[in-house]
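S.K.: Listed below, chain by chain, are the residues.
Number of protein chains: 2
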Amino acid sequence: VTALARRTVIVGTGLIGGSLAASGRRAGALEHVVGVGRGRDNLDHARAAGLVDETSTDLAGSLDGADLVVLAAPVDACCELLETVATHTGERCVVTDVGSVKVPLVERATALGIASRFVAAHPMAGGVDTGAAAARADLFDERVVVLTPNPATAAEAVGLVRRLWEACGARVVEMDAAAHDAAVAVTSHLPQMLAFCLSAAAGRDAARGEHLEELVGAGFKDTARLARSDAAMWAAIARLNGGSILAAMDRFSAVWQELRAAIEAGDEQALRVVMSEAAAFKSRVDDR
Amino acid sequence: VTALARRTVIVGTGLIGGSLAASGRRAGALEHVVGVGRGRDNLDHARAAGLVDETSTDLAGSLDGADLVVLAAPVDACCELLETVATHTGERCVVTDVGSVKVPLVERATALGIASRFVAAHPMAGGVDTGAAAARADLFDERVVVLTPNPATAAEAVGLVRRLWEACGARVVEMDAAAHDAAVAVTSHLPQMLAFCLSAAAGRDAARGEHLEELVGAGFKDTARLARSDAAMWAAIARLNGGSILAAMDRFSAVWQELRAAIEAGDEQALRVVMSEAAAFKSRVDDR
Chain A
412 VTALARRTVI
422 VGTGLIGGSL
432 AASGRRAGAL
442 EHVVGVGRGR
452 DNLDHARAAG
462 LVDETSTDLA
472 GSLDGADLVV
482 LAAPVDACCE
492 LLETVATHTG
502 ERCVVTDVGS
512 VKVPLVERAT
522 ALGIASRFVA
532 AHPMAGGVDT
542 GAAAARADLF
552 DERVVVLTPN
562 PATAAEAVGL
572 VRRLWEACGA
582 RVVEMDAAAH
592 DAAVAVTSHL
602 PQMLAFCLSA
612 AAGRDAARGE
622 HLEELVGAGF
632 KDTARLARSD
642 AAMWAAIARL
652 NGGSILAAMD
662 RFSAVWQELR
672 AAIEAGDEQA
682 LRVVMSEAAA
692 FKSRVDDR
Chain B
412 VTALARRTVI
422 VGTGLIGGSL
432 AASGRRAGAL
442 EHVVGVGRGR
452 DNLDHARAAG
462 LVDETSTDLA
472 GSLDGADLVV
482 LAAPVDACCE
492 LLETVATHTG
502 ERCVVTDVGS
512 VKVPLVERAT
522 ALGIASRFVA
532 AHPMAGGVDT
542 GAAAARADLF
552 DERVVVLTPN
562 PATAAEAVGL
572 VRRLWEACGA
582 RVVEMDAAAH
592 DAAVAVTSHL
602 PQMLAFCLSA
612 AAGRDAARGE
622 HLEELVGAGF
632 KDTARLARSD
642 AAMWAAIARL
652 NGGSILAAMD
662 RFSAVWQELR
672 AAIEAGDEQA
682 LRVVMSEAAA
692 FKSRVDDR
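Note that the protein sequences, when read in sequence, are chains A and B. The numbering of the first sequence is this note's numbering, which starts it at 412 and goes up by one. The numbering of the second sequence is this note's numbering, which starts it at 412 and goes up by one.
Careful, some of the hints might be misleading.
[Unchecked claim] Label-pair distances were calculated between CB atoms; the ranges are:
1. A:Thr468 to B:Arg683: 27 to 33 Å
2. A:Gly620 to B:Ala676: 27 to 33 Å
3. B:Arg574 to A:Gly620: 27 to 33 Å
4. B:Ala589 to A:Glu518: 53 to 59 Å
5. A:Gly620 to B:Ala665: 36 to 42 Å
FYI, nobody ran anything at the bench for these hints, they're computed from the structure. As the structure is a prediction and not an experimental result, all values here were calculated from the model. All C-beta atoms in this analysis are idealised placements derived from N, C-alpha and C, irrespective of residue type, glycine included.
Generate coordinates for the entire structure from the input sequences, incorporating the hints supplied.
M.R.: Below, the structure written as structure tokens:
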């Protein structure tokens, strides 16, 4: 692989940013990589682990000469950092991100006049552990990465970001940003909200002295696995993708009420309609 | 361990019944074990795998001389089979079960006049695989088994069933049957209903052509893991424990509406209340 970028600045060298640095350098797609962050410890770890060539806590100062900037901080921080990046990078510098919500970033980039060179991206990868310590070069193997370019985005910029992710082993899919945000509201944000509410509801019951903890098994634990997810990150996602999340919650609630009515009426056929739809979709995603 | 029963009849030699047979015999708690079922193939497998000493498809005929009967068929079938067991066993034969709903079995046993010798039990163990082929002697190691005796239950009968499960490596907890059913409605039946509805809702969205499958990640898969669970079993549980399930669903819905309102209002503090309650309860059950 010919190098796609000589100087790359990755803002946020956590699990995703650190893994992209490691993977892109290993593949030869990225030459010199600068890791930028606020926390010295995490940056030092990223440097010591060989994820990046250089580190900095000064975003504006590190951007000089960059031909690729990857925003890999929390999604709300990335929205704010876009202005600094737009101001301190040249016309030939491609800017991308890794956030799980795309419309606010695309809108912000457009408002800042960098729509042609901003390529919004969302790698569908992650893990329970976070920080540079959890980063690994094979994190994106076989994973889907969604790009949400629009007519204003330069084809060469899209091509560069696509080739970068392909070099990291990912499968790239292009979608409309709004369609992306509506889809992840269902596939990612809705399960997250369900896990929060399941665990919170059980916690309230337990607080009434029902000794529920003893009766918690593997089913509860898997369904509520996400209940300990980072609150700050999810508060930001709920703010940035609120409309789509509310719509997804309401479509869930319609099915929920249907199931509830079936149980109340003892209508086994109606119950089985929901169950068979559930099994069918789960089979489809398991078989992928 | 001194043998607790010389002739044990286990009705249903699937994952639970087969594992109990294997575990109880290995521990020396059960001497001769007869596996009873309707399907010849599964019984042959149980016999060939050494889970049981003898098999039969004739429940009534196998009960002669039994001093312990374990109902390990689907929970609705167990309710129906209790009459045959009550009729064909003597006063000294202890009857127990392994169903995940307890009140209907206790009520049926009482109506059949065997309340003193029926010990309702619920081992909190299971697995994705089913049938005798999935049975294993260590399935109950460290698992909780709930017994729900009442004042009518003879102490010796409770003691026998308790010692059997302890011999199998389980930790025995006694609860009131109605309290058990209300608790599992939250810890087991509620997550199951959420998984069904999450997967069904996503399936309906996907059917509208939104290409959701590509955006399904690990979070969705875990939250919806139970979506392919056995429909017949869950239809029976929904029927037998409908009241408690509806109440648990409604308490979930109250939290769900609270979260929805917080997102709609952009009220991060209210959102964080639910998130922190969720994290706190999940931490408690993870730390157990």
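S.K.: Mind listing which of the numbered hints don't hold for this structure, in increasing order?
M.R.: 5
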